[in-house]
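Going line by line, the protein sequences match chains A and B. Under the numbering used here, think of the first position of the first sequence as 15, with each following residue one higher. Under the numbering used here, think of the first position of the second sequence as 112, with each following residue one higher.
Read the hints as simulated data drawn from the structure, not as lab findings. Accuracy of the hints is not assured; some may be wrong.
To be verified - Here are a few chain B residues that face chain A, going by a calculated C-beta distance under 7 Å:
id	residue
1	Ala141
2	Leu319
3	Thr320
4	Cys329
5	Tyr348
6	Cys351
7	Tyr352
8	Ser365
As the list claims (entries may be wrong) - Residues from chain B that face chain A, not an exhaustive set, calculated with beta carbons under 7 Å:
id	residue
9	Cys122
10	Thr179
11	Gly324
Model, not experiment: these values are computed from the prediction. Positions of the beta carbon are idealized from the N, C-alpha and C atoms, including for glycine.
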Amino acid sequence: MAGVDGPNGTGASPAPDYEWRYEYYDDDEPVSFEGLKAHRYSIVIGFWVGLAVFVVFMFFLLTLLTKTGAPHPDSGQPCEKQPRVIGYMDTNLNTGALFPRPSALDSSSSLFQCFVSNEGQLNSRAASAGPAAVWSWGDGTLLQELAVLTHFNLPNCVDSEQSSAVGEDDMLLGEPELAIIGEGSEQQE
Amino acid sequence: MNATTANQSDCLEVKVPVSLFFIIGVVSLAENLLVVVAVIRNRNLHSPMYCFICSLAAFNTIASLTKTWENLMIVFANVGQLEKKGFSEKNLDDVMDSLLCMSFMGSIFSFLAIAVDRYITIFHALRYHNIMTMQRTKAILGVIWISCGVSAVLMVRFFDSKLIMICFVVFFVVSLAIICFLYIYMFMLARIHARKIAALSMRGSLTLTILFGVFAMCWTPFFLHLIIIMVCPMNPYCECYRSLFQLHVVLLMSHALIDPAIYAFRSAELRHTFRKMLHWSDWNWCS
């Protein structure tokens with residue numbers, strides 16, 4: 015970026031430098047490398063070490079959060095529809111299939127349901143299967159459903175959008191998960 | 112940021128071969144173009160979330176195209192076909208810088224939009240379709256594209272002013288902080304009832320770390336470079352950091368390469384559309 019020329023050019027540099035020069039870099043005074051106390055690439059090393067530490071720290075923080083629990087969400091919204099039980103299927107969890115495979119279901123029947131905003135009544139099957147879908151970001155239907163699966167105080171009876179395929183590649187680890195059956199959406203995985 | 116002469120600086124600029132730039136540019140161009148075409152062609156993907164992903168891919172396409180074109184011009188300039196200080200070359204260089212700046216800012220805005228969209232999906236799922244209608248999505252995308260275009264032109268025009276650079280860096284840091292906060296908040300609340308399942312929590316943490324880590328790793332070196340230019344142009348340590356500029360640009364470009372894998376290719380619908388498109392094109396060539 016910034017193809018502005020410096021004063022008097024930069025000398026005998028063979029590099030194609032017309033993009034990488036900045037006007038306010040004073041080329042007349044050479045930078046002296048005499049008497050450096052630390053290693054000359056110390057900023058580079060420090061930066062990358064700091065970034066790596068930050069990323070690792072974030073990873074452990076996130077993992078720890080799941081073990082110690084996280085603060086409660088306090089948003090509550092009245093459910094506008096009849097509360098029903100969600101059905102969720104995750105082929106990777108050993109929780110057993112909660113429902114038959116989507117192909118066996120009547121696609122016109124909507125099974126999309128919401129939890130009542132009462133944590134004591136968590137559906138344990140869905141609880142064990144729910145968070146599996148949390149990081150399947152790719153599909154809008156799934157995102158709406160995960161809001162229900164994560165058992166917030168707000169029951170989410172969202173009309174999922176019309177999308178033809180719902181199966182998601184959950185993680186970069188590539189374990190596919192089957193999504194919930196959404197109201198009005200087609201299941202094809 | 113180049114050394115005055117090779118003799119006086121111990122930190123020579125690290126050169127990256129032009130072919131590496133070309134390869135990264137072409138591959139990321141192909142990937143992102145594929146994503147854009149797939150989202151446009153498949154009606155099922157005309158939803159706010161995919162619109163933002165498509166916008167991200169479009170910005171990455173522009174960035175890859177511009178960078179590849181710039182590399183071509185560098186090659187021609189080295190060979191002697193182009194005059195480095197010519198008037199039209201400078202104008203062309205300004206245009207390319209504006210496009211690059213626009214696509215950088217647009218990428219960051221698109222990440223922000225994707226994070227906000229996911230946030231609304233989770234926390235306001237009941238009203239999601241009222242909050243995030245297609246008209247609003249188009250308006251948001253229009254605002255993003257226009258503001259990025261205008262800011263990019265202004266930035267390149269007034270690049271000498273330090274204020275512009277400061278704004279650019281502040282914009283990046285604020286966006287990074289907002290994205291970080293949104294994702295961690297979503298993650299924390301999504302994990303509330305999943306304490307027992309260690310395997311899932313590991314995967315969730317891993318995904319989020321990768322998402323954010325790749326973003327930080329690819330973008331931060333370049334922005335630190337901008338900060339260092341403003342803060343300590345004459346310091347030898349800073350000069351050694353600046354000598355790695357081309358590597359940092361390679362990192363920036365490789366983010367355009369990695370983005371589709373993180374955002375777009377994880378959707379089965381999108382992958383399905385790719386397969387259909389590629390088979391269709393094969394069939395067309397054969398017939």
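Consistency of the hints with the structure:
1. Interface hint status for Ala141/B: violated, as the beta-carbon distance to the closest one in chain A is roughly 20 Å, over 7 Å.
2. Because the closest C-beta pair between Leu319/B and chain A is about 6 Å apart, less than 7 Å, the hint holds.
3. Below 7 Å, beta-carbon pairs count as interface contacts, and Thr320/B has one with chain A at about 4 Å; its hint therefore holds.
4. At its closest, the beta carbon of Cys329/B sits 11 Å from a beta carbon of chain A; the interface hint therefore is violated under the 7 Å criterion.
5. A cut of 7 Å between beta carbons decides the hint on Tyr348/B: the least distance to chain A is about 5 Å, and the hint holds.
6. Here the hint on Cys351/B is kept, as its CB sits about 5 Å from the closest CB of chain A, short of 7 Å.
7. Below 7 Å, beta-carbon pairs count as interface contacts, and Tyr352/B has one with chain A at about 4 Å; its hint therefore holds.
8. About 15 Å separates the beta-carbon of Ser365/B from the nearest beta-carbon of chain A, more than 7 Å, and the hint is not met.
9. Nearest Cβ of chain A to the Cβ of Cys122/B: about 6 Å, under the 7 Å cut. The hint holds.
10. Interface hint at Thr179/B: violated, since its Cβ lies 14 Å from the closest Cβ of chain A, which is beyond the 7 Å cut-off.
11. At a threshold of 7 Å, the smallest CB-CB gap from Gly324/B to chain A is about 4 Å, leaving the interface hint in force.
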